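Undergrad: Single-letter residue listing:
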Amino acid sequence: MAFISSGYDPKEPMKDRITDIGPRKYDEFYPPVIAKNKGKWLYHEYVKPGVFYHVAESGDKVYTVRVGGARIMSTLMIREICEIADKHCGGYVRWTTRNNIEFMVDDEKKVDPLIKDLESRKFKAGSYKFPVGGTGAGITNIVHTQGWIHCHTPATDASGPVKATMDVLFEDFKNNRLPAKLRVSLACCLNMCGAVHCSDIAILGYHRKPPMIDHEYLDKMCEIPLAIAACPTAAIKPAKVEVGGQKVNSVAINYDRCMFCGNCYTMCPALPLADKEGDGIVIMAGGKVSNRISPPKFSKVVVAFIPNEPPRWPQTTAVIKKIVEVYAANARKYERLGEWAERIGWERFFEKCELPFTHHLIDDFRDPAYYTWRQTTQFKF
Amino acid sequence: MAKHPTPLLDQLESGPWPSFVSDLKELAEHRAKTASKIEYQIPVEVVDDILGLLELTYKDGCTHWKHGGIVGVFGYGGGVIGRYCDQPEKFPGVAHFHTMRVNQPGGKFYKTEYLRQLCDLWDFRGSGITNMHGSTGDIIFLGTTTPQLEEIFYELTHKLNQDLGGSGSNLRTPSDCIGQARCEWACYDTQDLCYQLTMDYQDELHRPAFPYKMKFKFDGCPNCCVASIARADFSFIGTWRDDIKINQEAVQAYIGGELKPNAGEHSGRDWGKFDIQKEVIRLCPTQCMWMEGKKLMIDNKECNRCMHCLNVMPRALRIGDDRGLSILVGAKAPILDGAQMGSLLVPFIKVEPPYDEIKEIIEKIWDWWMEEGKNRERLGELIKRQGFQKLLEVTGIQPDPRHVKEPRSNPYIFWKEEEVEGGWTRDINEFRKHHLR
Chain U
1029 MAFISSGYDP
1039 KEPMKDRITD
1049 IGPRKYDEFY
1059 PPVIAKNKGK
1069 WLYHEYVKPG
1079 VFYHVAESGD
1089 KVYTVRVGGA
1099 RIMSTLMIRE
1109 ICEIADKHCG
1119 GYVRWTTRNN
1129 IEFMVDDEKK
1139 VDPLIKDLES
1149 RKFKAGSYKF
1159 PVGGTGAGIT
1169 NIVHTQGWIH
1179 CHTPATDASG
1189 PVKATMDVLF
1199 EDFKNNRLPA
1209 KLRVSLACCL
1219 NMCGAVHCSD
1229 IAILGYHRKP
1239 PMIDHEYLDK
1249 MCEIPLAIAA
1259 CPTAAIKPAK
1269 VEVGGQKVNS
1279 VAINYDRCMF
1289 CGNCYTMCPA
1299 LPLADKEGDG
1309 IVIMAGGKVS
1319 NRISPPKFSK
1329 VVVAFIPNEP
1339 PRWPQTTAVI
1349 KKIVEVYAAN
1359 ARKYERLGEW
1369 AERIGWERFF
1379 EKCELPFTHH
1389 LIDDFRDPAY
1399 YTWRQTTQFK
1409 F
Chain B
3 MAKHPTPLLD
13 QLESGPWPSF
23 VSDLKELAEH
33 RAKTASKIEY
43 QIPVEVVDDI
53 LGLLELTYKD
63 GCTHWKHGGI
73 VGVFGYGGGV
83 IGRYCDQPEK
93 FPGVAHFHTM
103 RVNQPGGKFY
113 KTEYLRQLCD
123 LWDFRGSGIT
133 NMHGSTGDII
143 FLGTTTPQLE
153 EIFYELTHKL
163 NQDLGGSGSN
173 LRTPSDCIGQ
183 ARCEWACYDT
193 QDLCYQLTMD
203 YQDELHRPAF
213 PYKMKFKFDG
223 CPNCCVASIA
233 RADFSFIGTW
243 RDDIKINQEA
253 VQAYIGGELK
263 PNAGEHSGRD
273 WGKFDIQKEV
283 IRLCPTQCMW
293 MEGKKLMIDN
303 KECNRCMHCL
313 NVMPRALRIG
323 DDRGLSILVG
333 AKAPILDGAQ
343 MGSLLVPFIK
353 VEPPYDEIKE
363 IIEKIWDWWM
373 EEGKNRERLG
383 ELIKRQGFQK
393 LLEVTGIQPD
403 PRHVKEPRSN
413 PYIFWKEEEV
423 EGGWTRDINE
433 FRKHHLR
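Protein sequences, first through last, are from chains U and B. Count along the first sequence from 1, then add 1028; that gives the number in my numbering. Count along the second sequence from 1, then add 2; that gives the number in my numbering.
One should not assume that every hint holds.
As the list claims (entries may be wrong) - Mimicking DSSO-like on lysine-lysine, the simulated pairs with C-alpha atoms at most 30 angstroms apart in a straight line are:
id : chain 1 : residue 1 : chain 2 : residue 2
1  : B       : K68       : U       : K1068
2  : U       : K1350     : U       : K1380
3  : B       : K113      : U       : K1053
4  : U       : K1138     : U       : K1150
5  : B       : K113      : U       : K1304
6  : U       : K1115     : U       : K1138
7  : B       : K113      : U       : K1076
Stated by the list, open to error - Have a look at the derived ranges for each label pair, beta carbon to beta carbon:
id : chain 1 : residue 1 : chain 2 : residue 2 : range
8  : B       : R428      : U       : E1270     : 53 to 61 angstroms
9  : B       : N302      : U       : L1254     : 47 to 55 angstroms
10 : B       : L162      : U       : M1287     : 18 to 26 angstroms
11 : U       : G1067     : B       : K297      : 28 to 36 angstroms
12 : B       : E91       : U       : Q1343     : 31 to 39 angstroms
13 : B       : E423      : U       : K1053     : 53 to 61 angstroms
14 : B       : E91       : U       : A1153     : 27 to 35 angstroms
15 : B       : K418      : U       : M1287     : 53 to 61 angstroms
16 : U       : A1357     : B       : D245      : 48 to 56 angstroms
17 : B       : M293      : U       : P1323     : 20 to 28 angstroms
18 : B       : K418      : U       : I1390     : 38 to 46 angstroms
19 : U       : L1070     : B       : N302      : 15 to 23 angstroms
20 : B       : K297      : U       : A1153     : 17 to 25 angstroms
These are calculated hints, taken from the structure and not from any lab test. On a predicted model such as this, the values are computed, not experimentally measured, just so you know. Think of the CB as a built atom: it goes at the ideal place given N, C-alpha and C, for glycine as much as any other residue.
Make the full structure from the sequences, and use the hints.
TA: Following this line, the structure appears as structure tokens:
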């Protein structure tokens, strides 16, 4: 392959350089019905899962068809989305915060042909390309991080467990039988490049072995004081170590204090901690971000560890399915998973979901831990 | 014929949910087929090799990406994340596999013409693999080589009128909800505020000058569809302070069953006849609603705008007209000191271009954080370390009971000398005249 220049001249990087121009302005890309009615919408209504319309003061209506999509997406898929948007939507399309794709049309008559087209498209191996759904009192797409496909600190994959989980939850993507919306999120390590800590159900990758120390290279690859300062529990201290008869500067780790966060590895590549047996998944539940009825809540750890089981993570998806089913059967209308768990009590949550309660689930991390212990005689047998 | 067998990944092709494996396989095939026609600027087998590498990772249970690597475009300290594979000989196509973050448009609205331009550029100079979108909001270009970075940036800026997003200790790419573009609950124009602040703070976005990452997110109402309250250092959440507008006829239509509660979001189950007492009035967190005969009454002064009644009866209840936003600060994910939710700093501020009042608050807080924040200390952690009172001091905002869930339950107040009559310098000998040792 021959190198083809864009016009950029590496000898004169500042020549004709354009910087700080920001994103394209939002209103360049508004469909006409959106541009015309912005700020003047009156109400909306769901026709069925994945299909809804908004009505404006002008009387205009915009119909939206929402489809799920993988966050990892090839240019082939984007081009196919463009083809659909050209054919049905005047060349406009949008994505949601949760990796769904929304096709909008300004006439009810255009809705059914659009849905038919979307649902007819499948990959050769059989999965839907554009499943319609993901709205209302059901389960929408999972927001997630990179995982094994592109990250250096993950404790699990992201796209694989997400695909496996959405296959198991697919009926609730297409249906609105749940008491309220249920949001599932995945973060492949504690860095949480997403808001999984406030999700109804969170899948979190977690390491369980302290870092290995690459003594021979540590001082060459890292700033030792930064590695030491990176540790939130002060488990790392400087150390002189003998490697091949030579004294080198390195670090020592107090394993008892390590909480496996991997922050030291972020600062120092000579401290890798990923491990096949050590790494796996934590399941958290009961969080939310909306202020509706009750304030936003953090998710709580309900399963301390499930091993990584590629390619389909069956234990992880089974726990999630079980929680969803018990919630669906027991919660009241409008009650989010965390609100339900708080109403019935967490002791009842573990009983109903048939999840074992182990010592790992009792908080022992700093002051906030105390506030999670039970300081009342009000509990249930 | 695929370059690497992928028996484990192949199992992710079955099932109804869109398979990223199928998608990547088709892309790999497409690149191989078109290689004779297109002068791909990075290895043709890049997609084959990412599949092969991921298959190996599924076998090994442990990532094969090396730690970071400092690459970027000239003059910027963010927007590009270096990535190198630790098995470059087996998978030369992904030996370098850098990420570029492309600042997404507000509301993630697109014209297909623009999307195709992005695709053309990324097929030619990158892997053709994207994330639509990354967690922060950017369009993510996943996988290219170092020599292509400047070329891509040049084409983005010269041909697509498009800039990179943020990474590292920068202002990260701000993101917004769909807002007034297509939502009746948006209390301000999230897309315009997001765009203006993004433009005004381009320097902060591209050139790292902060102790750590800094996130802005814009939610049009307290439903918080972009989760600003959980994950942004600054959450801008729309609100109003006058009365909810009531259409009594529509209330009756909900009661009578002509209109579906919650806009028809519960269609998958028969929940029985709509009961306004049970479904709205008794669930109101402040108990500020009641029926007087056929009339729904709201004591608006007592409403805390949780959105439940509006969500259940969107055709009967509408947000008020005296609109603005609340600013909450300091949310973050768990690393290092545990997760933090945003804390309310400004209960209400009007949202008027050019947004100087909002920027003044942002900049006062930035000054404090840049002065006092430790390396890799998020704003929320600094607020915890130095106290919420310090935050009020640096912003000049008056304390208000809205700032707390409850007042402190310990009396360990750090009184300042100037707050106590007579100050702290006293004469022990004078004291001893009246109080024997």
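Undergrad: Which of the listed hints are not met by the structure?
TA: 1, 5, 10, 15, 16, 20
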